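Peer 1: Here are the chains, one letter per residue:
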Amino acid sequence: MKKIISFAAAATLAGGMLAAGSASAATTLESVKERGNLKCGVTSGLPGFSQPDDKGNWTGIDVDTCRAIAAAIFGDGSKVEFTPLTAKERLTALQSGEIDVLSRNTTWTLTRDVSLGLNFTGTNYYDGQGFLVRKDIGVDDAKQLDGATVCIQAGTTTELNLADYFRSNDMSFKPIVFDTSEQTVQGFSSDRCDVLTSDRSQLAALRSKLDDPDSAVILPNIISKEPLGPVVRQGDDQWFNIVKWSLFTQINAEELGITQDNVDEMKKSENPEIQRLLGTSGDMGEKLGLSADYGYRIVEQVGNYGEMYDRNVGPDTPLGLERGLNALWTDGGIMYAPPVR
Amino acid sequence: MTHPTELPPKSELGVVGWARKNLFSTWYNALLTLVVSYLVISSAIPLFKWLFLEATFTGETASDCSGEGACWLFISQRLNFFIYGFYPDTLQWRIDIMFGLLALAFVPQFIERFPGRKWFGLFGVTGLPIIGYILIPGGWFGLEEVPSNKWGGLMLTLILAYVGILAALPIGTVLALGRRSEMPIIRGICVVFIEVWRAVPLITVLFMASVMLPLFLPEGVSFEKLMRALIGITLWQSAYMAEVVRGGLQAIPRGQYEAASALGLGYWRKMGLIVLPQALTLVIPGIVNTFISLFKDTTLVLIIGLFDILGAVQSTVTDPAWQNVAIEGYVFVAFCFWIFCFGMSRYSQNLERKLDTGHRT
Amino acid sequence: MNDSDTPPATAQRRPWNDPKVRSLAFQIIAILAVGWAGWSLLQNTFENMESRGISTGFGFLDESAGFGIIMSLIPYDATMSYGRTFWVGLLNTLLVSAMGVVAATIIGFIVGIARLSSNWVVAKLALVFVETIRNIPLLLQIFFWYFAVLRNLPSTRQSVDVGGVFFLNNRGLYLPEPLTESGFGWVLASLAIAVALVVGIKRWARKRQLKTGQLFPTFRVSLAILIALPGLAFLITGTPLTWELAELKGFNFVGGITIIPELAALWFALSIYTASFIAEIVRSGILAVSKGQTEAAQALGLQPGTIMRLVVIPQAMRVIVPPLTSQYLNLVKNSSLATAIGYPDLVGVFMGTTLNQTGQAVEVVAITMAVYLTISLLISLLMNIYNRKVALQER
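Taken in order, these protein sequences are the chains called A, B and C.
What the first sequence shows, in my numbering, is residues 18 to 358, in sequence order.
What the second sequence shows, in my numbering, is residues 4 to 364, in sequence order.
What the third sequence shows, in my numbering, is residues 9 to 403, in sequence order.
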């Protein structure tokens, strides 16, 4: 028995040692700094937003949003640990503190803001829900979908929008709910359902995963507003501000014409707005609890919003999404960041 | 004493006799034989063709697959990912060493006359986990650190099952002793613990461990995802283990307990020196069987977003570069599991037979 | 130093050496430890939830759910409450579990007996079946049935049509649905009377047999009563039953009863997987009945079928029931894998969508676990009662 007891003790000890950092943390920023990396929740695989290659390197717009935060904190955009989450787990994972920030094409809604103990920090992609249908069923408008079977991913606002849309148009539907987007595509391509519904940006990505992408078409209807953005826990305003302003910095940088290539020249700029943004004058960084040149780091490592967009989802990528609503307010879009002042 | 040796009638001998006896003894047996044989053969031939004759084994991209048979190319091209997950290429020798040591520890168990095979087995449950603990995550002795979110594939499946069963054994033993204790409150606590864990599906346990555990812990204490899954699996498994060990404890004759008490041994010495060594040896087959079912159940971790071997395959079958390879992927995973599970169940059956005869005095 | 040095009984015993005191102390420590662990767990949880601003309580169960569910045994639509989604999920879990238990038992018994068949081909085939199925993870088998087999079914427009009554396609199997009209209550009532009659006749016949040794053709008479009485009522009330056929309208078949592929895939996988374990249980149960029993029955001149039914199986059941119980429990728990293929069971609907829309993970998971605990306890209880009935009556 003694042997077994000592073995049990050893096992418990080993378990305790394997446990990652057990520091008693006061603020999120402190614990992130102490740990030396940012824990960021992303999708388990959605091209353009967050997708690992077979070596575990992540790319995508949500991934870059996290990298920008890490660049602001550490001056090093690679200090991020990505945690792939299903739609079901994501909010609980953030609530429970498993991750520091959730950047997983999550829609900003009132309920999520109010009763889940979470705060949305802004919008890094303006999206809307749409439908993907097979060409051979001969539908060109969502109003013709009465009685259709719809494939959908579990735990998303799209599930609610879908029910609302069909009810308000007095139509019936059959939902088939899958856990991951891979299974949803598998269900659609194996003809389990007539329609696949999701945010339109995702539809483009999912369509590219089909055996024959030309056999399906995205309907023109947009049935909801889906502002997607990073989320943090309530109760830590400093952290909330850091996450919020690393995104705003990227948007402002695009507006001011600062890019990854010219950021070093821009440091010498006489423009007071650029100076404040890049930290060559003023103490904006300190006010946030970061270093003075946090803005410079973000642009240097990740680029401005436009560069991030074009690299991951823009017209030259397989997704080929036009800027549309996501263009700057000066270009006819609604991307608008408060001034750095 | 000599008897006149007469051969049995010809109809009872050789292939004909065997067939008469085992295949065509009555008219309905004959009919059954014919129908079943027809069904088996008619489904086996296309299957064989698909698996081997018309399958594609060589080439590089999806276009090399003929389309008629199975596309095994998909497996061979992605094999690295299925076995090691995201583990860096240059460090995979560490995992290879672990695979080698695992084989070294357990292959001798299948060979009856292998000298000192007990010691190899003992190494498997003591030295192997320690070496693995040092070698796989790294971070010591100048080994580069590989964070657990890069582990995946077959290697992760084996880690989950192996650590789960090893950690569950001591906890299960304590629980089993508690359940047979004469103290009503201790017994009650153990019974409740065991029955509650046995009643809930592993999926809810994993979900709870993966996303809710941090809510239960004091602020600032946190475990990484893999560790949380392991905690969940271990607690869940220890309840099953407790029942297996309890079976062993019950099989020890009363005389053993009484003799130990008569020698004046206290409870812990009685259990530790007399009862448990016998009981645990008796339940090795049971432990192996529990291990088999845990091994299969580890596939559920894909639901909480860990890439075990099934998760790795499931995430690649939707790759647009490869089309319609789902069945190939599933067959490959099924084959991997089958090899391990079938081997282990054979081992436990043999052991059971041996222990059984050894005990009937 | 230890118990062997215990002084003679006359000497004063030190209190910590008294087994009674020691066991009491142990138990108090255990209670304190468990109590403390439980209390600190709760404390942590509440503290964490409060500091993170997560709402608590069960009020969410009355809020409107707002999402659709593909299959429900009770009326459900998106305007109903989260509480309703719980019942929908629970009933779906119970449905697939019950179907699975029945099918797994039947397949398991057939395969288990086939394993002992004197026919070499049949015995070997059963062996291959058992060894293949039980060594492959269940989740993989569910994926196989769902994603691999489903692909090969025809699409809606090319449905397999059996006489315009049954339809099979990749959206499911469509069956006609019986619609009852007024007067069907009489048919049900007469069925109940028939059942009561049959039970009465059985008892009477048994008593008579014990007394006089005369056999009564119970089976034939019972069957006649069971068919004739409700049948007569059905005709008298004017056949108050119509069948609603499924028909193709728009994208899908509407009307009738639909067995969705998710249910079918889960059902196949669960029953076949569990059957492979039940087969082995049945086999070892039958082998455990000593040969002398069979031989004695043969000596009494009983037919082989009768021997199996009256002598071997009842005795084998004593060995079979306890492991069979745990297989049933496993099946119910395994039905939670439904969530992987989108069958709306308790875990998929309630612990999935509902949890996600409300964010109240602790409450939802607690309810779910309580349900599984209750189901397990109920099954154990029922099987224990049955086990006591078939157990050896030692006199």
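Since the hints were made in silico from the structure, they are not lab data.
It cannot be assumed that every hint is accurate.
[Claimed, not checked] A few chain A residues facing chain B, derived, Cβ under 8 Å:
(1) Q68
(2) T76
(3) L102
(4) E106
(5) A110
(6) R340
As the structure is a computational prediction, the values presented were derived from the model and not from experiment.
Even for Gly, the Cβ is constructed at its ideal location relative to N, Cα and C.
Peer 1: If a hint holds in the structure, say so; if it doesn't, say that too.
Peer 2: Now for the hints, and whether the structure bears them out:
1. Q68: 11 Å, violated
2. T76: 14 Å, violated
3. L102: 6 Å, holds
4. E106: 5 Å, holds
5. A110: Nearest chain B Cβ about 5 Å off; hint holds.
6. R340: At 25 Å from the nearest chain B Cβ, A/R340 fails the 8 Å test, so the hint is violated.
Of the numbered hints listed earlier, those contradicted by the structure are 1, 2 and 6.
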